[in-house]
Structures are given as C-alpha cells and as structure tokens.
Amino acid sequence: KAGVTQTPRYLIKTRGQQVTLSCSPISGHRSVSWYQQTPGQGLQFLFEYFSETQRNKGNFPGRFSGRQFSNSRSEMNVSTLELGDSALYLCASSLDWGGGTEAFFGQGTRLTVV
Amino acid sequence: GQNIDQPTEMTATEGAIVQINCTYQTSGFNGLFWYQQHAGEAPTFLSYNVLDGLEEKGRFSSFLSRSKGYSYLLLKELQMKDSASYLCAVREGGKLIFGQGTELSVKP
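Keeping their order, the protein sequence lines are chains E and L. All residue numbers for the first sequence refer to this note's numbering, where the first residue is 1 and numbers rise by one. All residue numbers for the second sequence refer to this note's numbering, where the first residue is 1 and numbers rise by one.
Chain E with its partners taken away, still in its complex shape:
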C-alpha cells in the first residue's frame, strides 16, 4: 500500500509570501502530525490532526496553521514567510490519535525562503 505522500517536494518562496503544503496519509490512517526540521533545532512538533480536528499544537506562532479534510488528507499553511521558516517540513501518519500506534513519515517538503 502507498506510504505517506507530501507535495510539493521542494519550494522556493520570498519573504512575506504564504505557502500551503499537503500531506496524504497512509490509507486507513486518521491521524496526521506535522513537524519542522532544521539543523539547529532538530525535529519540532507543529500540530496534530485527527478526524478533522486539531488535537495538539506545538510552540509555533499563529502564522503556522493547518487543517484536515474528511478523507484524512491534511494541509499546512505558513503565512508572512520569514527567512527562519526555511526548513524541511515533515508529516507523520498514524492509525489513531493519542499514542499507542506507529508513526510513519512522508518524504517531506523542503521549503527555502529567500
């Protein structure tokens, strides 16, 4: 069965612009989490969605938002981009919410802000 699919794989944006990233989880998985990975900070949790509801949120500014659709696909939006938003954005797919199940990552979207 197909794995976690993230699109696009690469993006270059200008400061001040906004960007939308997409994540399609493994078929049957209902939980999608988003992470930001940078060389200095490592992998940091952004938010988790389950059944179209945000269940958890990390310590990121309100410029970072997301949503989940009825088919469990999720999108993440970053508005008013800053240079420091350049990172690899990863989504993880799990069967259920709240722990107890394995989590699988997509290939990520590498965002460069210039």
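Just so you know, the hints here were simulated from the structure itself, not pulled from any lab data. Some hints here could point you the wrong way.
What the hints assert, rightly or not - Which chain L residues face chain E? A few, computed with CB under 10 Å, are given here:
(1) E41
(2) A42
(3) T44
(4) F45
(5) A89
(6) F98
Nothing here was measured: the structure is a model prediction, and the numbers come from that model. Just so you know, even glycine gets a beta-carbon here, dropped at the ideal spot from N, CA and C.
Following the hints, complete the assembly by docking chain L onto the known chain E.
Frame of chain E; chain L shown alone:
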C-alpha cells in the same frame, strides 16, 4: 519539563555491534520510537516500544525501561549503509518529542 538525551556522535566498525542510548524525562509517555534518517531524507521508522523489555527486528533491537526513563537501540552486524542519524522520540499524547539525534559513522 521535557528532555530527551542521546549521544551526538558515535563511530563503529563494519560488522560490529553498536548500542545507542536514549534517556528521557517527559510529562507523559505513550511509547518510544526509534527512527533512522539518512542525510537529506525523511526519517524511517525502525521500532516502537510501549512496554518494558526488548523488541527484536532483524539486525535491530530496541529496549525500554519506563521506570528508568531509558531506551537503547542495538544494531548488529553493522553495514556501511547503517551510517545515518538515529533519532529517539517519545510519544506524549498525540505528539512526538525528538532528541537531537545520534550521528553514527560506520568505518570499514
């Protein structure tokens, strides 16, 4: 607070065994994950422990002691392709809290 510690770097020889340790202090615990990440790629799931004890999967084994806040990943019969970053992550509720990763270099 939340704290996950693992060594920054390790070096081992091809064919040998290496153990990567991870200690954690988190306010909640719903399991511990190990991931492998090659440079420029996404993390790949290796193992998941929620109960104490050893989980074996081929050349990789993972151990968990919840009372000690401790886990290790054991890699046997090391191969050059095992050179990568190994990430320990604790699941707290619905989120994964990651350590900074251990960069493993396998030498011939």
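Does the structure break any of the earlier hints, and which numbers would those be?
When the structure is compared with the hints, none of them turns out to be violated.
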